[in-house]
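Visitor: Using the sequences provided together with the hints, build the complete structure.
Residue numbers (this note's numbering), protein chains in the order written: chain A, 1 to 459; chain B, 1 to 241.
Some clues are possibly wrong.
Quick list of in silico lysine-lysine cross-link-like pairs, DSSO-like style, CA-CA up to 30 angstroms [as the list claims (entries may be wrong)]: (1) A:Lys100 with A:Lys151; (2) B:Lys3 with A:Lys210; (3) B:Lys3 with B:Lys211; (4) B:Lys79 with B:Lys183; (5) A:Lys151 with A:Lys106; (6) A:Lys364 with B:Lys164; (7) A:Lys79 with A:Lys106; (8) A:Lys410 with B:Lys220; (9) B:Lys220 with B:Lys100; (10) B:Lys100 with A:Lys151; (11) A:Lys75 with A:Lys410; (12) B:Lys183 with B:Lys84.
Not close to chain B: a few residues of chain A, all C-beta gaps over 10 angstroms, as computed [unchecked claim]: (13) Lys240; (14) Trp370; (15) Glu395; (16) Arg408; (17) Val413.
What the simulated footprint calls covered on chain A by chain B, stretch by stretch (three residues with Cβ under 8 angstroms from a Cβ of chain B suffice, anywhere in the stretch; the number is not a length) [as the list claims (entries may be wrong)]: (18) 294 to 302; (19) 361 to 368.
Keep in mind the hints are simulated off the structure, nothing from the lab. Where is the CB? At the ideal position from N, CA and C, for every residue including glycine.
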Amino acid sequence: MKIGLFFAIMAGRLVAFASRVSGRKGSSLPGVIAGKIYYRCLRDLAGQVREGIILVTGTNGKTTTNNMIAGILEKARFKVVANFEGANMVSGVTTSFIKKAGLFGKIDCDYAVIEVDEASVPRVMKELKPEVIVITNFFRDQLDRYWEIEKIVGVIRDSLNKYGYATLVLNADDPLVAQFGQITRLPAVFYGIGRHEQTTDTNTRIREAKFCPFCGAALAYDFFHYGQLGNYRCTGCSFKRPEPGVEAMGTAVSDRITCRIVYANGPEVPLTMQTMGIYNLYNALAAFATGLHLGIDTGIILNGLNSYQPVTGRMEKFVHQGKQVFLILVKNPTGFNEGLSALFLNREKKDVFIAINDNDADGKDVSWLWDVDFEIVGNGHESFRRFICTGRRGEEMAVRLKYAGVPRDKIAVNPDLKQAVRKVLEGGNGQSYLFSTYTALWEVHGILKTMVAGGIKHD
Amino acid sequence: MIKICHLYPDLLNLYGDRGNIIAFQQRCRWRNIPVEVHEVGIGDVLYFDHFDFLFLGGGSDREQNLIVADLMQRRNELKEAIEKGLVLLAICGGYQLLGKYYLTREGENIPGLGILDFYTRAGDRRLVGNVAVETNLGGETVILTGFENHSGQTYLGSIQPLGKVRSGNGNNGEDGWEGARYKNVFCSYLHGPLLPKNARLTDHLIFLVLKRRNRQELLKPLDNTFEDRACRVMLGRMGLV
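Guide: Spelled out as structure tokens, the structure:
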């Protein structure tokens, strides 16, 4: 028994308890405290994981992918530690281990499934040795918080090459991710989505990766799913979308997603997901590929994916007096665009709520709102009753909607979150969509829970 | 027909830059002034004389290097157009490019277009945060608000600043100036969507465009309630209202 670890865990737990009592979520503070008391805290705790550590990183879909993998492993009767709350920097990762540790620093755990913020990968990799590293995608995030994508890619590459162990699970459709099969010496398995009814031949929204990461020539695309994700090949060298070992074929998207998953060494299997947004399919494929790699039976994997419940703000569904209400966390243009596309999947009349904060965790710079294609709501504004803008930068959001072509009288600014939520739930028919940046999310979620009946339970 | 030229939109597109194009375009449309946007990329044919308004945004270092070579070949035509009164907005990287040179931390001197009299050198710290700048537009004092995020520090020679820093860093965090101004050229570190919120600046640019065409009467007043509120929130936070 290490005395340092003992005190670190005790202090961490006290903080966790205290912050729960005071009503905060407390998802990273215990780790901060524990790490201060005993710097090897995370290393000692993670070293006890019996089967292996799975690390999930990338811009979008980390939390969902992480939770799906954890769900699959639990269905396979493994004991799992995961950072479910999306607390994905070193302190958050430490906290999730502390919560599972006995007071004497013992952890009874087969697998740890850890989502890690892109910029924190090097620091986390110093402390724990993952068996599998999943990279979901790279999109432009708020740039005052993160660096340019090339820099992120370089930092993760260097950290993986220094480490030189682990299997990579990579998104074949994202050239920025797929390149890791070549720029690291690690073995890789790829997942991807084949052409389907909603793929497009051109994409004006593409902003990253127009050029080959190896030779700089333009990339040519057969089709796009969204952003730079699609079937690409370099016009100058041999770089192209790798053949996916796990691929979704015949995908159909409505208010749910159906497809067939084709994979090496086995018969294809059907997948149905009760969720919207093609990005959720990517998350499921990443989890499927990880499960296969760990030798888990496909029946159990599908079982795990089917029982997946969206976590707070990941298209979480509520019902309020017969009206369907969706809560969607937005962090960057790509994620917001995907969320907006859900508004056009049916003909229901909609009320929209958008909470934009500019605290540290949201990104202090709200310029990214101008990279979101609100023009699609402006052009299709007949199907919307009203837009309620709120949060510390609600006024800025109103300006964005006005310039996107939403008529002035459909836009309202209300800085009071509670009133804003109440407004957007008004009227019995149709649907409500609530978009929120990170620091407003928990408050909005809390308000929603007290106001509606039939909210989906999680935790 | 007012013609907007968006230079290198696929390369210079950091931080919601296109908000500036959207704002300029919409404020023309709302006044029933016909407007069109031309996107011009590397190697495309470009006659500056054909355009009323040119926008040059910011990009990452790699992207900026790609365009310098292209822009160098157009340097003389651009300089001539600027002297003749072309209305131009240049932000961040686009701003730096118009100057004499950029001095890197390693002491390397990267030549700029040398059209405007200022230079930039790599700073020790990144200047990031909300900014308020007091400027004068057509005789009226206006406070612009925005966000800056730059490591280059710019020092003006015999050229006017865009305005005086009321809060934030501006050109270099030292001399209290923000941006640069020459004839109808406006340069600023207030990146990304500068024009949407700062409707008076947008209208001033549109006014300058119309004036060159002797059609000033088309500049009708618009309702700026949302824009003004968005500015006021930030001015309030910076302790300026």
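Visitor: Each hint should be assessed against the structure and marked as holding or not.
Guide: Quick rundown of the hints versus the structure:
1. A:Lys100 with A:Lys151: 34 angstroms, violated
2. B:Lys3 with A:Lys210: Answer holds: Lys3 (chain B) to Lys210 (chain A) is near 27 angstroms, not above 30 angstroms.
3. B:Lys3 with B:Lys211: Holds. Lys3 (chain B) to Lys211 (chain B) sits at ~14 angstroms (cutoff 30 angstroms).
4. B:Lys79 with B:Lys183: 12 angstroms, holds
5. A:Lys151 with A:Lys106: Distance ~37 angstroms between Lys151 (chain A) and Lys106 (chain A) Cα, so the pair is violated.
6. A:Lys364 with B:Lys164: 23 angstroms, holds
7. A:Lys79 with A:Lys106: 14 angstroms, holds
8. A:Lys410 with B:Lys220: Distance ~23 angstroms between Lys410 (chain A) and Lys220 (chain B) Cα, so the pair holds.
9. B:Lys220 with B:Lys100: 38 angstroms, violated
10. B:Lys100 with A:Lys151: Within the cut-off at roughly 28 angstroms; holds.
11. A:Lys75 with A:Lys410: Between Lys75 (chain A) and Lys410 (chain A) the Cα gap is close to 47 angstroms, so the pair fails against 30 angstroms, i.e. violated.
12. B:Lys183 with B:Lys84: 9 angstroms, holds
13. Lys240: At about 21 angstroms from chain B, Lys240 (chain A) clears the 10 angstroms cut-off, so the statement holds.
14. Trp370: Not fine: 3 angstroms to the nearest Cβ puts Trp370 (chain A) too close to chain B.
15. Glu395: 4 angstroms, violated
16. Arg408: 7 angstroms, violated
17. Val413: 7 angstroms, violated
18. 294 to 302: violated (count 0)
19. 361 to 368: holds (count 5)
Of the numbered hints stated above, those contradicted by the structure are hints 1, 5, 9, 11, 14, 15, 16, 17, 18, listed in ascending order.
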